[in-house]
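> So the chains spell out like this:
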Amino acid sequence: MIRPQEPEAGRWGSDHTMTVLLPAQGDNPRAERAMNVGGSSKQAETPEDLPNREGSHGPFRRVVRITNPLGLHHRAADYFSRAARRFSCRVTVHNGMLAADGKNIWDLLGLVVMPDQEVILETEGPDAAVALEHLAAILGAPNGEDYTI
Amino acid sequence: MRLTSFLVREAIIPELSVRGNGIDPKNPQQVLEVKTRVIREMAQALHAAGYFRADELDDIVKAVIRREQLGTTGIGQGIAIPHSRHSSVHELVGTLALAPEGLPFDSLDNEPVYVIFLLVSPQERPGDHLRALEAIVRTMRDADFVKRLRACKSREEIWNLLESAAPGW
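In the order they appear, the protein sequences are chains U and E.
Everything in the first sequence is counted per numbering that gives the first Met the number 0, starting at 0 for the first residue and increasing by one.
Everything in the second sequence is counted per numbering that gives the first Met the number 0, starting at 0 for the first residue and increasing by one.
For the record, the hints were derived by calculation from the structure and aren't laboratory data.
Mixed in with the good hints there might be a few duds.
[What the hints assert, rightly or not] Now the in silico label distances, taken between C-beta atoms and shown as ranges:
(1) U:P141 to E:E100: 38 to 48 angstroms
(2) E:K25 to U:M113: 29 to 39 angstroms
(3) E:R1 to U:M96: 17 to 27 angstroms
[Stated by the list, open to error] Within a straight-line C-alpha distance of at most 20 angstroms, the following computed DMTMM-like cross-link-like pairs (lysine to aspartate or glutamate) qualify:
(4) U:K102 to E:E133
(5) E:K61 to E:E32
(6) U:K102 to E:D108
(7) E:K146 to E:E14
(8) E:K146 to E:E100
(9) U:K102 to E:E110
(10) E:K146 to E:D108
(11) E:K152 to E:D108
(12) E:K152 to E:E9
(13) U:K102 to E:D105
(14) E:K25 to E:D105
(15) E:K152 to E:E14
Ideal Cβ placement from N, Cα and C applies to all residues, glycine included.
Based on the provided sequences and hints, a complete structural model is requested.
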């Protein structure tokens with residue numbers, strides 16, 4: 000279900016990065032790190048091949064620029080939602096004040112994400128860290144044919 | 000965007016002539032044949048309403064089928080949105096067809112489709128296409144609206160119902 004939602008943690012920097020709150024790092028329960036804007040273009044492995052990163056939880060967030068020249072169109076949303084459903088964590092895509100369940104193509108199409116627009120990808124759950132990497136790569140891919148799953 | 004801003008009233012089909020009788024929904028070739036006949040009937044309706052030349056029809060049907068072969072546009076809950084970009088149009092156009100008995104469409108939920116939207120977009124206007132998709136999914140999420148839509152028997156009934164849908168983006 001799409002609902003108006005303000006991302007709770009994270010702020011923009013002047014260098015086009017977004018600072019996000021990550022889970023416990025040693026003694027610091029809410030350590031901050033700067034993460035680069037945009038999804039990775041590396042070829043991702045299948046989720047089954049990827050480590051669970053110690054039962055990560057999150058929420059983890061990343062800003063992803065949509066480089067697909069057609070925006071987050073039907074086929075791209077279909078690829079993304081199918082990939083997201085392979086993870087057990089919650090997957091949310093924020094576009095401004097709107098938030099969509101990343102596992103639901105109906106929700107994703109309702110976001111109307113244009114080419115070159117930035118969205119916030121958020122994952123939370125036991126495999127959230129791995130899901131963030133994997134799904135950011137898909138969301139930031141330049142076109143549908145580049146997707147690996 | 001409203002549904003009535005891109006759907007062509009004269010091209011709406013209250014009851015497709017295509018039937019799914021005897022079609023095995025698990026047979027990809029048979030399902031593709033059904034899709035092709037549906038898309039051709041809908042594209043023909045747009046042509047009859049003055050939107051494509053006759054010599055462009057085959058190419059448009061092929062383009063929509065090519066897109067369909069990359070992944071089904073049957074998004075579940077009885078709805079399908081076959082679509083393609085094509086140089087024959089300078090603005091987004093679409094039509095809607097009802098299949099009262101349901102048709103196999105390789106949908107995400109493996110259920111038949113009853114409401115089909117065909118969209119043909121210009122090559123370089125992704126925004127309009129995305130807003131049209133949003134208008135469709137937003138309106139079709141309303142189960143009561145879909146129920147009333149499927150009960151419509153005429154083009155006028157369908158159009159009047161579509162006009163009552165709330166505008167979106």
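> Hint by hint, note whether the structure agrees.
Status of the hints after comparison with the structure:
1. One distance hint, 38 to 48 angstroms for the beta-carbon pair U:P141 and E:E100, holds here, with the actual separation near 41 angstroms.
2. Separated by about 37 angstroms at the C-beta atoms, E:K25 and U:M113 satisfy the suggested range of 29 to 39 angstroms.
3. Evaluation of the 17 to 27 angstroms hint for E:R1 and U:M96 yields a pass: the beta carbon distance comes to about 21 angstroms.
4. Proximity of U:K102 to E:E133 is assessed by CA-CA distance (about 16 angstroms); at most 20 angstroms being required, the pair is judged to hold.
5. Between E:K61 and E:E32 the alpha-carbon distance is near 12 angstroms, which keeps this suggested pair within the 20 angstroms criterion.
6. A distance of roughly 14 angstroms separates the Cα atoms of U:K102 and E:D108; the hinted pair therefore holds under the 20 angstroms criterion.
7. About 15 angstroms separates the Cα atoms of E:K146 and E:E14, which keeps this hinted pair within 20 angstroms; it holds.
8. Simply put, E:K146 and E:E100 have alpha-carbon atoms about 14 angstroms apart, close enough for the 20 angstroms limit, and the pair holds.
9. Of the supplied pair hints, the one linking U:K102 and E:E110 holds, its CA atoms being roughly 19 angstroms apart against a limit of 20 angstroms.
10. For the hint linking E:K146 to E:D108, the alpha-carbon distance of about 18 angstroms falls within 20 angstroms, and the restraint holds.
11. For the proposed pair E:K152 and E:D108, the alpha carbon gap of about 26 angstroms is over 20 angstroms, so the pair is violated.
12. With a C-alpha separation of about 15 angstroms, the suggested pairing of E:K152 with E:E9 holds against the 20 angstroms cut-off.
13. Between U:K102 and E:D105 the CA atoms are separated by roughly 19 angstroms; this keeps the pair inside 20 angstroms, and the hint holds.
14. Distance restraint check for E:K25 and E:D105: the Cα-Cα separation of roughly 8 angstroms lies within the 20 angstroms cut-off, and the hinted pair is therefore satisfied.
15. About 8 angstroms separates the Cα atoms of E:K152 and E:E14, which keeps this hinted pair within 20 angstroms; it holds.
Checked against the numbered hints given earlier, this structure breaks only hint 11.
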